[in-house]
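Just so you know, the sequences run in chain order A and B. Taking the working numbering, the leading residue of the first sequence gets 1, the next gets one more, and so forth. Taking the working numbering, the leading residue of the second sequence gets 1, the next gets one more, and so forth.
Be aware that one or more of the hints could be misleading.
[To be verified] Not close to chain A: a few residues of chain B, all C-beta gaps over 12 Å, as computed:
no.	residue
1	W5
2	Q31
3	V80
4	V171
5	F201
6	A213
[To be verified] Restraint-style ranges between C-beta atoms, simulated for each label pair:
no.	chain 1	residue 1	chain 2	residue 2	range
7	B	P46	A	N42	35 to 45 Å
8	B	D132	A	R197	24 to 34 Å
9	A	R21	B	W224	48 to 58 Å
10	A	L70	B	S142	17 to 27 Å
11	B	D132	A	D124	42 to 52 Å
12	B	I181	A	R128	47 to 57 Å
13	A	R169	B	P46	40 to 50 Å
14	A	L70	B	R146	17 to 27 Å
15	A	L70	B	G95	11 to 21 Å
16	B	R87	A	R17	51 to 61 Å
17	B	S142	A	V132	24 to 34 Å
18	B	R146	A	A108	14 to 24 Å
19	B	W224	A	R102	30 to 40 Å
[To be verified] Taking beta-carbon pairs under 8 Å as the criterion, some of the chain A residues facing chain B (in silico):
no.	residue
20	A56
21	L70
22	R74
23	F79
24	F81
25	L87
26	R89
Derived by calculation from the structure, the hints in this document are not laboratory data. Virtual Cβ for every residue (Gly too), placed ideally from N, Cα, C.
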Amino acid sequence: MVSDLFPLVVTDAATQRRGKRLVGPVSLTLLGESCVVVIGPNGSGKTTLLRLLHGAARLTEGSIAWACGLDAAREQQSFVFQRPIVLRRSVMENIIYPLRMRGVAKKAALGQGAVWAERVGLQDMLERPATVLSGGEQQKLALARALITEPGVVFLDEPCAALDGRAMREIEEILQDVKASGTKLILATHDMGQARRLADRVVFLLNGRVQETGAAAPFFDGPETEQAAAFLRGDIVE
Amino acid sequence: MAELWSGLAQAFWLIVTADAELVEIALRSLQVTCTALLLACLIALPLAAMLAVRRFRWRRAVIAVLNALMGLPPVVVGLVVYVILSRSGPLGVLGLLFTPTAMIIAQMIIIVPLIASIAHQSLRDLWHDYHDLLISMNVSQSQKMRTLLWDARRALLTAALAGFGRGIGEVGGIMIVGGNIDHATRVLTTAIALETGRGEFALALALGFVLIALTVLVNVCIHWLSQTEREGRW
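Work the whole structure out from these sequences, hints included.
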């Protein structure tokens, strides 16, 4: 893993689709905190912001600058989607897919795949078709697949949105391990409990703009803006 | 009705006795169609994958034309191939007219749009599912295409089998470019046309039943070998 990804400097970044602005302008500097959590109500632009930072959505205004440059940064990133996307292959073939695409020999990839399958608790179902797994198992598979390349930063778009409490706890335990290993997490969620458990820094989005950002503890103890305070209280924020 | 029974009986007898002429034309049918199918798949499947993955200016028009060409009249294809391969045509020097190679070329042209269109439907749906993941992984266009082709292989088999069905049952095009020459370019369908013209309906029916049996047999074998319709498979 390399450490020159950060700081990530976002300057007046915006994206629009069919004339409608989805996010922006957003200005933000991420210094490499272990876990940055993006929160906000539905439609606030959390997913789009993550995609912009990842480079999967087209920037129409502004700039996003990684310390190591965009191309090098793309090589060190992974993305976990809200609805896990699994290939029509076995669990093991799914997990090792990114390695195979990077030209890693099959034997070596299988070795690493076995390690990651065990880390996420899928070691007993390696030959099963991935599509028959439960939602929680598919999300664990997606995590293992995202982490097998040992990325510097992992984007997670509401990874526990459709999961029950037990599956959510298992996913969070994996994420805590990943954090401890030095991989940076940028996670979007509207689950305030999860945000409190994982966040080192919070970015509060509203209507596609950053309303407030700062260290997690002060933010949750006493947000500066009225909208953030209302959101944390559970009020409807528009 | 009597001719139907007679045809069935003759078909049974031809198969049981392994009639030499029947075996020869059945094998030629298989050889021509399987070769055309293989070549058509080599063109059609990458084309379908490219149309699913890549975005370019005339993409929609290409897809529309490809779909329209599924109904390409075999007789017209045969005629065009005939003109191209005839002695005065641009490829006349190759001397391919009235050979199995000419029949393969005609069949290939007929089935490429069919396989490409059916394959494109499957690959487009799969690309819809995979799009975000493969974009996020930053894989190359050729890796995307190969991933789609591999993961949709069983659906693509259906496309190939549709191409096989169209090819093995084709008569108009290969009659023109092959000439239905005995021991050279005669296949099951052209033999059926010949016997019907002669008024030998029972023999024509017998050959027809053999053709149907052959088609069913090939389909069943391929499904069995590729392990489709089994639990947990795609």
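Hints, verified against the model:
Annotated as non-interface, B/W5 keeps its C-beta farther than 12 Å from every C-beta of chain A; the closest such distance is 47 Å. With a least beta-carbon separation of about 33 Å from chain A, B/Q31 lies farther than 12 Å from that chain, consistent with its non-interface assignment. Separation of B/V80 from chain A is adequate, the least Cβ-Cβ distance of about 39 Å exceeding the 12 Å criterion. No Cβ of chain A comes within 12 Å of the Cβ of B/V171; the nearest lies about 38 Å off, and the non-interface call holds.
No Cβ of chain A comes within 12 Å of the Cβ of B/F201; the nearest lies about 48 Å off, and the non-interface call holds. Remark: the non-interface label on B/A213 is consistent with the geometry, its nearest Cβ contact in chain A lying 33 Å away (cut-off 12 Å). Take B/P46 and A/N42: their Cβ atoms lie about 41 Å apart, and the range 35 to 45 Å holds. Roughly 26 Å separates the CB atoms of B/D132 and A/R197, a value that falls within the hinted 24 to 34 Å.
Evaluation of the 48 to 58 Å hint for A/R21 and B/W224 yields a pass: the beta carbon distance comes to about 56 Å. A hinted range of 17 to 27 Å holds for the C-beta pair A/L70 and B/S142, which are about 22 Å apart. At about 28 Å, the CB distance of B/D132 to A/D124 disagrees with the hint of 42 to 52 Å. About 55 Å separates the C-beta atoms of B/I181 and A/R128, a value consistent with the hinted range of 47 to 57 Å.
A C-beta distance of roughly 46 Å is found between A/R169 and B/P46, which places it inside the suggested range of 40 to 50 Å. Between A/L70 and B/R146 the C-beta distance comes to about 25 Å, which sits within the given range of 17 to 27 Å. Evaluation of the 11 to 21 Å hint for A/L70 and B/G95 yields a failure: the beta carbon distance comes to about 57 Å. For B/R87 and A/R17, the Cβ-Cβ distance of about 59 Å falls inside the hinted range of 51 to 61 Å, so the restraint holds.
One distance hint, 24 to 34 Å for the beta-carbon pair B/S142 and A/V132, holds here, with the actual separation near 29 Å. Distance hint check: the CB atoms of B/R146 and A/A108 are about 20 Å apart, consistent with the given range 14 to 24 Å. Judged by the Cβ atoms, the range 30 to 40 Å given for B/W224 and A/R102 holds: they are separated by roughly 36 Å. With its C-beta approaching chain B no nearer than about 5 Å, A/A56 sits inside the 8 Å limit, and its interface hint holds.
Restraint check, A/L70 versus chain B: the minimum CB separation of about 11 Å is more than 8 Å; hint violated. Annotation: interface hint on A/R74 holds; nearest CB of chain B at approximately 5 Å, less than 8 Å. Because the closest C-beta pair between A/F79 and chain B is about 4 Å apart, less than 8 Å, the hint holds. At its closest, the beta carbon of A/F81 sits 6 Å from a beta carbon of chain B; the interface hint therefore holds under the 8 Å criterion.
Here the hint on A/L87 is kept, as its CB sits about 6 Å from the closest CB of chain B, short of 8 Å. Among the interface hints, the one on A/R89 holds; its C-beta lies about 7 Å from the nearest C-beta in chain B, closer than the 8 Å criterion.
Figure legend: structure checked against the earlier numbered hints; hints not met, in rising order: 11, 15 and 21.
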